[in-house]
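S.K.: Build out the structure end to end from the sequences listed, making use of the hints.
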Amino acid sequence: METRKPTHVVLVSSPGLGHLIPVIELAKRFVLHHSFKVTILAVTSQTSRAETQILNSALTSSLIHLIDIPSPDITALVAQNDAVLTRLGVVMREAKLAIRSNLSEITPRPSALIVDIFGTEAIPIARELNIISYVYVASHAWMLALVFYSPVLDELVEGQYVDRTEPLKIPGCKPIQPEDVVDPMLDRNDRQYKEYLTIGNGILQSDGVLVNTWEELQREELEALREGGLLSEALNMKIPVYAVGPLVRQPELETNSSTESLLKWLDEQPSQSVVYVSFGSGGTLSSEQMTELAWGLELSEQRFLWVIRAPIEKIADAAFFNTGSSGIDEVAKYLPEGFVSRTNEVGLLVPEWAQQVNILGHRSIGGFLSHCGWGSTLESVTNGVPLIAWPLYAEQRMNAALLAEELGVAVRPRLLPTKKVVRREEIAEMVREVIQSEESVKRNRVRERMKEVQQSGMKALLEGGSSYVALSKIANTIAG
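Heads up: the sequence shown begins at 1 in UniProt numbering, then just goes up one per residue.
Hints should not be assumed to be uniformly reliable.
DSS-like mimics (lysine-lysine), calculated; alpha carbons at most 27 Å apart, straight line [what the hints assert, rightly or not]:
no. : residue 1 : residue 2
1   : Lys194    : Lys96
2   : Lys238    : Lys169
3   : Lys174    : Lys419
4   : Lys451    : Lys28
5   : Lys174    : Lys194
6   : Lys459    : Lys473
7   : Lys333    : Lys264
8   : Lys419    : Lys194
9   : Lys5      : Lys37
Just so you know, these hints were derived from the structure itself, not from any lab.
M.R.: Dropping the structure here:
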């Protein structure tokens, strides 16, 4: 009797850790929970040491097959000052031939293609090959709603969005403050805005959307996006939307020597006493802001672990394509004189990049000063670690508003860090708010609320939970 070939799914990821990691984690769910064969076509930057580490880990995994597609040369197609989103769009268009070639030749024949939000150019290829296609949005439902509705806002709103005094309304969803819009909407004359407007229409060409959130977290937005919902009706949307999160990286079982040494340092600290400071794989600060942050950490008199990189003026996502390229001596020289020696007993500096999930899962971590990338946010949520929201680029201002105002799991500066330098006194105040001393009798409502959201997310992923059921529906459709 002939054994049935396993269902084969191909996933496509665009350059950047924030795109590659979620795709790898989704792939693992298909393998471990549905016994699928999974291939990842990873279009990579070739310039990020951290990205290379993740790729090497995936390449040695027996769970998934990974094909590395080096980024095409786009130097003749973009200007030097073009934004990250513009570059990603151009890269993924230029990578179409390589994606088509792999998709046509790969065996066994794929039953489904799943692309990330920048990979929608590959959807027509799937249709030509008679393969069902999905888009995996590694962010939340409110952001997805804005992406879908932006072409309508483009027609309705005159002038710059950021010059408006009234919130932008999205049918069936909470409105968004003009200052919290995604990066491409900050300047409608920039090339990345036109690139951004095509994303929603690209997603609508697919057979369905997977979102890295869960029903209990964003029921209002998910209902608006689905058949019969206000946003769905306004846009005449016909595709299903599945909440499959929170999907995050699991702690590394094998750690390198630098990770071992920082985990050893964390072992020596009291429970929930350390604030972890990291701006993700791409975030950078100005020199002035870096100085204020250092002073703020010192003034707070709390323990800290800071993943630090050299300052860059006026470009908040400057490290997106080259994470992990500096040493500690190179970045420490930008800190206030004497800072390293004065904080030696309570602080640890780590250059460029660290194995974040291992850190956030450690018992001594009590707070996370974060850029609010959605991947980092979910890693904090799944570990029950309250946040200090410090948005820098992409959809991070939306994320910060969601976390602080709606969910109550974060504190954030009174003014956006992208608008004004956050001063040391306010930084110290926020750190003390999330890291409370053992003597404090004040209830930490942010921590309590984070624990509630953590339990909700974990429940969604368990067998019978909302996200488990959603992914099972997708798997059944793919398997036929």
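S.K.: All the hints need checking, so say for each whether the structure fits it.
M.R.: Hint check:
Simply put, Lys194 and Lys96 have alpha-carbon atoms about 20 Å apart, close enough for the 27 Å limit, and the pair holds. A threshold of 27 Å between alpha carbons decides the hint, and for Lys238 with Lys169 the separation of about 22 Å falls inside it, so the pair holds. Only pairs whose Cα atoms come within 27 Å are accepted, and Lys174 paired with Lys419 is accepted, the gap being roughly 23 Å. Simply put, Lys451 and Lys28 have alpha-carbon atoms about 26 Å apart, close enough for the 27 Å limit, and the pair holds.
About 24 Å separates the Cα atoms of Lys174 and Lys194, which keeps this hinted pair within 27 Å; it holds. With a C-alpha separation of about 18 Å, the suggested pairing of Lys459 with Lys473 holds against the 27 Å cut-off. A distance of roughly 25 Å separates the Cα atoms of Lys333 and Lys264; the hinted pair therefore holds under the 27 Å criterion. The straight-line distance between the Cα atoms of Lys419 and Lys194 is roughly 24 Å, inside the 27 Å bound, and the hint therefore holds.
This hinted pair checks out: Lys5 and Lys37 have alpha carbons roughly 9 Å apart, not beyond 27 Å.
Hint compliance for this structure: no hint is broken.
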